[in-house]
Amino acid sequence: MDFEYQGDKPLPTGENADEEYYSAAVSAAGNTVVVCHSLRGRHSGGEQVAWYDIKMLKQLAQSEMGNVAGCRLSFNVTDNAAFSGLYVARSDAPQWQIANPLCINCPPMPYQPRQYRFFDLLNDKSVLIYGKDDQVFDLEGHLLYVTTHEEGVRVDKPDPFVSMPHAANAPRVAYDDGQPKPESGHRRSKRIHVVDWQDGREIAIIKVIQEHSPVLHEGGLRMERGNLIDLFYALSPDGKQLAVLSMNSLDIYKLP
Amino acid sequence: MQEMWSPFVKSLLTAALISGCLTSAQEKPGAPAYSWDLSVDANYAARTAKQLKMLTLEPPKVFFLDNDKVAITYADGEGAPDGKGTTLGPANDDQSSESPLYKFHALIFYGNKGPSDGNHLQWEAVRLGAQFMPIPNGGFAVRVDNHLALCR
Numbered sequence: 001m002d003f004e005y006q007g008d009k010p011l012p013t014g015e016n017a018d019e020e021y022y023s024a025a026v027s028a029a030g031n032t033v034v035v036c037h038s039l040r041g042r043h044s045g046g047e048q049v050a051w052y053d054i055k056m057l058k059q060l061a062q063s064e065m066g067n068v069a070g071c072r073l074s075f076n077v078t079d080n081a082a083f084s085g086l087y088v089a090r091s092d093a094p095q096w097q098i099a100n101p102l103c104i105n106c107p108p109m110p111y112q113p114r115q116y117r118f119f120d121l122l123n124d125k126s127v128l129i130y131g132k133d134d135q136v137f138d139l140e141g142h143l144l145y146v147t148t149h150e151e152g153v154r155v156d157k158p159d160p161f162v163s164m165p166h167a168a169n170a171p172r173v174a175y176d177d178g179q180p181k182p183e184s185g186h187r188r189s190k191r192i193h194v195v196d197w198q199d200g201r202e203i204a205i206i207k208v209i210q211e212h213s214p215v216l217h218e219g220g221l222r223m224e225r226g227n228l229i230d231l232f233y234a235l236s237p238d239g240k241q242l243a244v245l246s247m248n249s250l251d252i253y254k255l256p
Numbered sequence: 001m002q003e004m005w006s007p008f009v010k011s012l013l014t015a016a017l018i019s020g021c022l023t024s025a026q027e028k029p030g031a032p033a034y035s036w037d038l039s040v041d042a043n044y045a046a047r048t049a050k051q052l053k054m055l056t057l058e059p060p061k062v063f064f065l066d067n068d069k070v071a072i073t074y075a076d077g078e079g080a081p082d083g084k085g086t087t088l089g090p091a092n093d094d095q096s097s098e099s100p101l102y103k104f105h106a107l108i109f110y111g112n113k114g115p116s117d118g119n120h121l122q123w124e125a126v127r128l129g130a131q132f133m134p135i136p137n138g139g140f141a142v143r144v145d146n147h148l149a150l151c152r
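Those sequence lines, one after another, are chains A and B.
Under my numbering, think of the first position of the first sequence as 1, with each following residue one higher.
Under my numbering, think of the first position of the second sequence as 1, with each following residue one higher.
Possibly wrong hints are sitting among the right ones.
From the structure, some residues in chain B lie toward chain A, with a derived Cβ separation under 8 Å [stated by the list, open to error]:
(1) G30
(2) A42
(3) Q51
(4) F64
(5) P100
(6) L101
(7) I108
(8) K113
(9) G118
(10) L121
(11) V126
Straight-line C-alpha distance at most 30 Å; calculated DSBU-like pairs for lysine-lysine [as the list claims (entries may be wrong)]:
(12) B:K103 with B:K113
(13) B:K103 with B:K53
(14) A:K125 with B:K113
(15) A:K254 with B:K53
(16) B:K50 with A:K55
(17) A:K240 with B:K113
(18) B:K69 with A:K240
(19) A:K207 with A:K181
(20) B:K103 with A:K181
(21) A:K181 with A:K125
(22) B:K113 with B:K50
(23) A:K125 with B:K53
(24) A:K254 with B:K113
(25) B:K113 with A:K58
(26) A:K254 with A:K240
(27) B:K53 with A:K55
(28) B:K50 with A:K207
(29) B:K53 with A:K181
(30) B:K69 with A:K125
(31) A:K125 with B:K103
(32) A:K58 with B:K50
(33) A:K9 with B:K69
Calculated directly from the structure, the hints in this document are not laboratory data.
Every residue, glycine too, gets a C-beta built ideally from N, C-alpha and C.
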């Protein structure tokens, strides 16, 4: 299926679009794929989402062109709602409204709760809100789990443009320490944690070690990487396996 | 002297041992059930070699398609910024603004069999930021530029 680029047409305000992109996401139920089309000018812009039946790719609903909330950075969808940053559009109510990440099923908030602007739907029943402490809530606003940080360690995910790795069918998430630690022989390591947020327990800690990476010389500058290279990880749908991609190697761990 | 320090040294040793045991028990990664060298895929190996000399290549990603199958996705080449839709500038006179600049790859294989025994799919792309999305209950969707494809 192809979508039309429309950046050569003026925005409703008459302004020229200077940024345009498409983003997509699949609902946790697996019934729909939702496509976000974003157009931005210097002073105006908008986003529109469309729901498609995943078997037939038939369009089911479409939102109005609304606020530019940033669906490239944060885009979560269900079979009948699309969350772009702190805005939500529903398939039966196509106007964009301010979302309430703390209580997805509650009425929209009258103001933007900026402190909750980064969140991910873990499945159809729970939401993970990133912050000083990462918190898991159910959709009615009940707190289910709080990630506890060690002193001097932050909780991070492998890529800012994807949600924190989580099991599709189990209450498990995986995260890393963010900051690498020095190891002997100029090597560096990072720890990946797997937690069960329903039981509130840590399932495993996997330590990834990489050899010293070569120093880069670009534009007359000598640069050293601050982080591990090409590190990514994922949990299996049942949460019983962790796949760790580290440069040229892929390790699959069985979890209890 | 030895008598005086002995209890202190003993307590230090005990504390160190306990700490070591706890650290060891908590941090011991255990051996992976399966370990695969992805450089059997020549494109992937070339991309990693390039990554060692650059700062800004898109990182590869791993996904589970189900409890048995995994997908590794990566891009090679340098695409245009993904925020540019119709306003891409041609890199040179021979290249149109919509010329594919890089390829988006997916290696799909069983976690217990490895990449040598899998499928290698690729899509030509103009812009960075292609997406690979597993579909619950089987299959996946791929968005490259303004194209969406489903594979079930």
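Hint by hint, here is what the structure shows:
Annotation: B:G30 was flagged as interfacial toward chain A, and the flag holds, the nearest CB pair being 7 Å apart, inside 8 Å. With a least beta-carbon distance of about 12 Å to chain A, the hint placing B:A42 at the interface is violated under the 8 Å criterion. Interface hint at B:Q51: satisfied, since its Cβ lies 6 Å from the closest Cβ of chain A, which is below the 8 Å cut-off. Hint status for B:F64 relative to chain A: holds, with the closest Cβ pair at about 4 Å, below 8 Å.
Given hint, B:P100 at the interface with chain A, is violated; its Cβ is 15 Å from that chain's nearest Cβ, farther than 8 Å. Hint status for B:L101: violated, given a least beta-carbon distance of 16 Å to chain A, over 8 Å. Because the beta carbon of B:I108 sits about 12 Å from the nearest beta carbon in chain A, more than 8 Å, this interface hint is broken. Proximity of B:K113 to chain A is violated relative to the hint, the smallest CB-CB distance being about 11 Å (cut-off 8 Å).
Using the Cβ-Cβ criterion of 8 Å, the hint placing B:G118 at the interface with chain A is not satisfied: the shortest such distance is roughly 11 Å. The beta carbon of B:L121 comes no nearer than 17 Å to any beta carbon in chain A, farther than 8 Å, and the hint placing it at the interface is violated. Here the hint on B:V126 is broken, as its CB sits about 10 Å from the closest CB of chain A, past 8 Å. With a C-alpha separation of about 25 Å, the suggested pair B:K103 and B:K113 falls inside the 30 Å cut-off, and the hint holds.
Straight-line distance between C-alpha atoms of B:K103 and B:K53 comes to about 19 Å, which keeps the hinted pair within the 30 Å bound. For the proposed pair A:K125 and B:K113, the alpha carbon gap of about 34 Å is over 30 Å, so the pair is violated. For a cut-off of 30 Å, the pair hint linking A:K254 to B:K53 is broken: about 34 Å separates their Cα positions. Only pairs whose Cα atoms come within 30 Å are accepted, and B:K50 paired with A:K55 is rejected, the gap being roughly 38 Å.
With a CA separation close to 18 Å, the supplied pair A:K240 and B:K113 stays within the 30 Å bound. A distance of roughly 13 Å separates the Cα atoms of B:K69 and A:K240; the hinted pair therefore holds under the 30 Å criterion. With a C-alpha separation of about 10 Å, the suggested pair A:K207 and A:K181 falls inside the 30 Å cut-off, and the hint holds. For the hint linking B:K103 to A:K181, the alpha-carbon distance of about 34 Å lies beyond 30 Å, and the restraint is violated.
Taking the CA atoms of A:K181 and A:K125, the gap is about 35 Å. The hint is violated against a cut of 30 Å. The straight-line distance between the Cα atoms of B:K113 and B:K50 is roughly 27 Å, inside the 30 Å bound, and the hint therefore holds. This hinted pair does not check out: A:K125 and B:K53 have alpha carbons roughly 44 Å apart, beyond 30 Å. Among the hinted pairs, A:K254 with B:K113 is consistent with the structure: their alpha-carbon atoms are about 15 Å apart, no more than 30 Å.
Of the pairs offered as hints, the one joining B:K113 and A:K58 is violated, with about 36 Å between alpha carbons and a cut-off of 30 Å exceeded. A C-alpha spacing of about 6 Å is found between A:K254 and A:K240, which places the hinted pair at or below 30 Å, so the restraint holds. Restraint check: the Cα-Cα separation between B:K53 and A:K55 comes to about 43 Å, which exceeds 30 Å; the hinted pair is violated. Pair hint B:K50 plus A:K207 holds up; C-alpha atoms about 25 Å apart against a cutoff of 30 Å.
The hinted pair formed by B:K53 and A:K181 meets the criterion: a straight-line CA distance of about 22 Å does not exceed 30 Å. For a cut-off of 30 Å, the pair hint linking B:K69 to A:K125 stands: about 25 Å separates their Cα positions. At roughly 36 Å between alpha-carbon atoms, A:K125 and B:K103 are farther apart than 30 Å, so this suggested pair is violated. For the suggested pair A:K58 and B:K50, the alpha carbons sit about 41 Å apart, so the restraint of at most 30 Å is broken.
The hinted pair formed by A:K9 and B:K69 fails the criterion: a straight-line CA distance of about 43 Å is larger than 30 Å.
Going through the hint list in order, the structure does not satisfy hints 2, 5, 6, 7, 8, 9, 10, 11, 14, 15, 16, 20, 21, 23, 25, 27, 31, 32 and 33.
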